[in-house]
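Peer 1: Full structure from sequences and hints, please.
If you read the protein sequences in the order shown, they are chains A and B. Position one of the first sequence corresponds to residue 1 (this note's numbering), numbered consecutively onward. Position one of the second sequence corresponds to residue 1 (this note's numbering), numbered consecutively onward.
Some hints here could point you the wrong way.
Each computed SDA-like pair below joins lysine to any residue, with the alpha-carbon atoms no more than 25 Å apart [as the list claims (entries may be wrong)]:
{"hint": "1", "chain 1": "A", "residue 1": "Lys101", "chain 2": "B", "residue 2": "Thr127"}
{"hint": "2", "chain 1": "A", "residue 1": "Lys19", "chain 2": "B", "residue 2": "Phe135"}
{"hint": "3", "chain 1": "A", "residue 1": "Lys115", "chain 2": "A", "residue 2": "Thr214"}
Here chain B is said to cover these stretches of chain A; the calculated rule only asks that three of the stretch's residues, wherever they fall, bring their Cβ under 8 Å from a Cβ of chain B [as the list claims (entries may be wrong)]:
{"hint": "4", "region": "59-66"}
{"hint": "5", "region": "73-83"}
{"hint": "6", "region": "91-104"}
{"hint": "7", "region": "220-226"}
Pulled from the structure, derived: some chain A residues nowhere near chain B, Cβ distances all over 12 Å [to be verified]:
{"hint": "8", "residue": "Met112"}
{"hint": "9", "residue": "Arg146"}
{"hint": "10", "residue": "Ser158"}
Everything labelled a hint here was simulated from the structure, so no lab data went into it. Please read these numbers as outputs of a predicted model, since none were measured by experiment. C-beta: ideal position from N, C-alpha, C; glycine also.
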Amino acid sequence: MKTFFLTLILLVSTEVFAKLNIAVSYPYIGAITKVIGAENVNVSVLAKGNWDPHFVVARPSLISKLRRSDALIINGAHLEIGWIPPLIRRANNRNILPGSKGFLDLSSSINMLQKPTSVSRAGGDVHPDGNPHFHLDPNNILLLARRVASFLSTLDPSNRSNFENNFQDFKLHWKKEMKKWAKTMASANNKKVIEYHRNFDYFLHAYHIEGIATIEPLPGIPPSSRHTIELINTIKTQHPCCIIHDVYHSTKTATYLHNKTGIKVVIMPHDIGALESIESLSELFDYLTGQFND
Amino acid sequence: MKKTLLILVPLTAIIYAQDEIQTNSFADAFSQSAFIPDISLIVDMSYVNRNLKDEEVAHLEVPGVAHGLIGGHSHGEHSHSTVNASNGFNLNYAELALHSSVDPYFDLDAVFHFSEHGVEIEEAYFTTNAIPYGFRIRGGKFLSEFGYLNNQHHHVWDFADMPLAYQAFLGGHGINEIGAQVQWLAPTSLYWMFGAEALQGENEQMFGTGAIAPAGDPEAITVSSPDQPNLFVGYTKLSGDIGDTTLLGGLSIAYGDSRIDHLEDAEAPHAFAGTSTLYGADLVIKHYFDSYSYLKWQSEWLYRDLDGMQYNYPSDDTTSFNTVALRKKQSGYYSQLLYAYDQNWRIGGRLDSIYQNDVIANSTNKEMPDDLNRYTAMIDYSTSEFARFRLQYNHNTALYNEEGEQQDVNSLIFQVNMAIGAHGAHNF
Numbered sequence: 001m002k003t004f005f006l007t008l009i010l011l012v013s014t015e016v017f018a019k020l021n022i023a024v025s026y027p028y029i030g031a032i033t034k035v036i037g038a039e040n041v042n043v044s045v046l047a048k049g050n051w052d053p054h055f056v057v058a059r060p061s062l063i064s065k066l067r068r069s070d071a072l073i074i075n076g077a078h079l080e081i082g083w084i085p086p087l088i089r090r091a092n093n094r095n096i097l098p099g100s101k102g103f104l105d106l107s108s109s110i111n112m113l114q115k116p117t118s119v120s121r122a123g124g125d126v127h128p129d130g131n132p133h134f135h136l137d138p139n140n141i142l143l144l145a146r147r148v149a150s151f152l153s154t155l156d157p158s159n160r161s162n163f164e165n166n167f168q169d170f171k172l173h174w175k176k177e178m179k180k181w182a183k184t185m186a187s188a189n190n191k192k193v194i195e196y197h198r199n200f201d202y203f204l205h206a207y208h209i210e211g212i213a214t215i216e217p218l219p220g221i222p223p224s225s226r227h228t229i230e231l232i233n234t235i236k237t238q239h240p241c242c243i244i245h246d247v248y249h250s251t252k253t254a255t256y257l258h259n260k261t262g263i264k265v266v267i268m269p270h271d272i273g274a275l276e277s278i279e280s281l282s283e284l285f286d287y288l289t290g291q292f293n294d
Numbered sequence: 001m002k003k004t005l006l007i008l009v010p011l012t013a014i015i016y017a018q019d020e021i022q023t024n025s026f027a028d029a030f031s032q033s034a035f036i037p038d039i040s041l042i043v044d045m046s047y048v049n050r051n052l053k054d055e056e057v058a059h060l061e062v063p064g065v066a067h068g069l070i071g072g073h074s075h076g077e078h079s080h081s082t083v084n085a086s087n088g089f090n091l092n093y094a095e096l097a098l099h100s101s102v103d104p105y106f107d108l109d110a111v112f113h114f115s116e117h118g119v120e121i122e123e124a125y126f127t128t129n130a131i132p133y134g135f136r137i138r139g140g141k142f143l144s145e146f147g148y149l150n151n152q153h154h155h156v157w158d159f160a161d162m163p164l165a166y167q168a169f170l171g172g173h174g175i176n177e178i179g180a181q182v183q184w185l186a187p188t189s190l191y192w193m194f195g196a197e198a199l200q201g202e203n204e205q206m207f208g209t210g211a212i213a214p215a216g217d218p219e220a221i222t223v224s225s226p227d228q229p230n231l232f233v234g235y236t237k238l239s240g241d242i243g244d245t246t247l248l249g250g251l252s253i254a255y256g257d258s259r260i261d262h263l264e265d266a267e268a269p270h271a272f273a274g275t276s277t278l279y280g281a282d283l284v285i286k287h288y289f290d291s292y293s294y295l296k297w298q299s300e301w302l303y304r305d306l307d308g309m310q311y312n313y314p315s316d317d318t319t320s321f322n323t324v325a326l327r328k329k330q331s332g333y334y335s336q337l338l339y340a341y342d343q344n345w346r347i348g349g350r351l352d353s354i355y356q357n358d359v360i361a362n363s364t365n366k367e368m369p370d371d372l373n374r375y376t377a378m379i380d381y382s383t384s385e386f387a388r389f390r391l392q393y394n395h396n397t398a399l400y401n402e403e404g405e406q407q408d409v410n411s412l413i414f415q416v417n418m419a420i421g422a423h424g425a426h427n428f
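Peer 2: Right under this line is the structure:
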C-alpha cells in the first residue's frame with residue numbers, strides 16, 4: 001500500500017502548481033496560447049495536426065490530460081462535437097466544464113461564414129452554427145489571440161500585463177506577416193478553386209478566391225461517381241485553377257479529376273503539424289499562400 | 001337578420017384571431033424550447049436465417065451454464081427476448097435516449113428500450129460533474145462499468161450479438177442494475193481510473209434478490225432474500241498510448257448473493273442460493289493508420305465462482321425440496337479483431353469460448369462439456385455515422401439439446417442500425 005502511494009506521488013507532476021495548465025483542442029490554438037502565455041503556461045494539445053479535425057479518437061490518455069488541466073480552450077462551432085464531450089464527461093474536472101471560468105469556446109469571437117438557415121442530416125453532416133474552420137483567415141488569428149489574452153488574464157490576473165504585452169508584440173509581428181501574404185495573394189484574386197470539404201473557405205474568403213464546388217457531394221459524405229461526373233463538367237465549363245486538397249482525405253478522386261481534365265491538385269495543410277515541415281502559424285500561412293504563388 | 005348574424009360570428013372570430021396573432025409574440029417570452037434535452041432514437045432491426053427452427057433453438061442450453069440463450073424464452077411471468085431471436089425479420093428495439101444538464105452540478109441521462117413486448121427503463125441516472133479531486137458519483141439505473149463491453153450499448157458493439165461468456169454468465173443485459181457508483185480518476189499522465197458500485201443485484205442469471213420457497217407451500221420460506229443492495233462491483237482501468245496505438249486494460253470483480261429461481265420452469269424446475277463472484281480482465285489495443293482506418297483487438301476473460309445449494313422438487317411433490325451442495329467454476333473469453341478500411345467499410349472476426357465448466361454437486365464433478373466455442377465473422381458498411389448495415393455469420397458449437405446432444409447452430413444475420421437526433425459521442 002505504501003509503495004502504491006509513493007508511485008502515485010511520483011506520477012503526479014510537481015510542476016503542476018507553478019504554471020497554468022491549459023489544454024487546447026487543436027495545434028493552432030496551442031500555438032496562439034503559447035505566444036500569449038509564454039513562460040506562464042503549460043500547453044497540452046489534444047488533437048494531432050495531420051488528422052481530420054472532425055474525427056479525433058477520444059483516447060483515454062486525453063482524459064487524463066483534461067483531468068490535470070486548469071483550463072480548456074476549444075475551437076467550438078461543433079467541430080469537436082464528436083470527441084470532446086465524452087472526454088469532459090470522464091475527466092472529473094470541474095475547472096474545465098463548459099460555462100465555467102476555465103472554459104473558452106473560440107467560435108464565440110468570430111463572425112461565422114455559411115450559417116445554415118435550416119438544418120437536416122439529409123444535407124449531410126452539417127455544422128448548425130456555420131463553417132467552423134475559421135482559423136484559416138489570418139485576420140481571425142488576431143481576434144482569437146486577443147480573446148486568448150483576455151481569457152488568460154481572467155485566469156491569472158497577476159500576469160495580465162505580460163499577456164497584454166505578448167499580445168501587442170504578436171499583433172505587430174502578425175500584421176507585418178499579413179502584409180507579406182496579401183502581396184503574395186494579390187495575383188490569386190478572383191480565382192476559382194475546388195475543395196474536398198469546405199475547410200479552406202475562410203482562407204479563400206480572405207483573399208477573394210471563389211470555392212465553386214467540393215469533391216464530397218455533401219458535408220461528411222464520401223465522393224460518389226455521379227457527383228464526380230458533375231465535377232468534371234463544372235471544371236470544363238468554369239475553369240477553376242486547381243483542387244485544394246486537405247492532407248487527411250484520400251486524393252483518389254482528386255487524382256481521377258486531374259487525369260480527366262488536367263486540373264492541378266494542390267495539397268493544403270489545415271493546421272500546424274499537418275505536414276511535417278509546418279511547425280508554426282507563420283509557416284502554415286507561408287505555405288498556404290506559397291501554393292498560390294505562380 | 002339570422003344570416004347577417006351567422007356571417008358576423010366568423011368575422012368577429014377572424015378579427016379577434018388576427019388581434020391574437022399580433023400580440024402572440026408575448027408567448028415567446030416564456031418559451032422553454034431552448035431547454036429541450038438532447039434526444040435521439042436508435043432503431044435496430046435484423047433479418048436472420050438459422051439452420052434450426054425457432055422452437056428448436058429456444059430449447060437449447062449451454063450445459064451447466066445457461067439455457068434459452070437464443071430466441072425468446074420465459075420463466076414464470078418474465079419473458080425475455082434477446083436480439084436477433086427469430087428466423088426472418090426481427091425488430092430488435094427502438095431506443096430513445098435523453099441527455100441534458102440538470103443544473104451546474106448534475107447531468108441526467110435516460111435510455112428507454114422499446115420493443116414489441118413493452119418498454120424497459122434501460123438506464124435513468126444522474127451524474128455529478130462538480131465534485132473536486134477527480135471524483136464522480138452516479139446514481140440510478142445504469143450499465144455497470146465492469147469489464148469493457150458491459151457499459152456499451154448494443155448499437156456500439158462491433159458484432160450484432162453479445163459475446164457468449166457475457167450472455168451465458170450474466171444474461172442479455174449484462175450488469176444493468178439500480179444503484180450507486182463512485183469513480184476516481186488519478187491525476188497521473190497515464191489514464192488510471194478506479195470505480196466502485198453498490199447495486200441492487202437483481203440480475204437473474206447470476207445474482208437475484210428474491211426468497212426461495214416451494215411453489216406448493218409458498219409460506220415455507222426455505223432461503224430468505226439477501227441483504228440489499230446485494231451486488232458489489234469494483235474495477236480499475238489503465239490506459240496509455242504508444243505512438244498511434246492506444247492500449248486500455250482493466251481488472252474487475254463483482255460479488256453478491258445468488259437467488260436464482262427457476263422453480264416455475266416447465267422442465268426440471270430448480271433454484272439456487274449461495275454466494276457468487278465474477279472476475280473479469282479486459283484488454284483493448286487499437287492502432288490508427290489515419291483518421292479513418294484502424295485495427296482494433298479487443299479481448300475479455302471472465303471467471304465465475306458460484307457456491308451454494310441447489311433446490312429441486314422430489315418427484316411430483318412441490319411442497320418441499322431435495323438439496324444438493326453445488327459449486328460452479330466456469331471460465332470463458334472472447335477475442336475479436338476488427339479492421340476499419342475507411343469510414344464506410346469494416347470487417348471483423350471473433351472467437352468465443354467457455355473452456356472451463358466445473359459443476360460440482362455433492363463433491364462430484366458432473367463432467368460437463370468444456371469446449372463450448374463460437375466462431376463469428378462480420379462485414380459492415382456505414383453510409384454515414386448514423387446508418388450501418390452489417391452482415392454477420394455465427395457458427396455456434398456451445399449449445400446442447402435436452403438429451404445432452406451437442407447441436408451446431410449456424411446463423412446468418414443481416415443487421416440494420418440507424419440513429420436520428422442528437423446523440424452524444426461515444427467513449428473509447
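Peer 1: Any of the earlier hints contradicted here, and which numbers?
Peer 2: As far as the earlier hints go, not one is violated by this structure.
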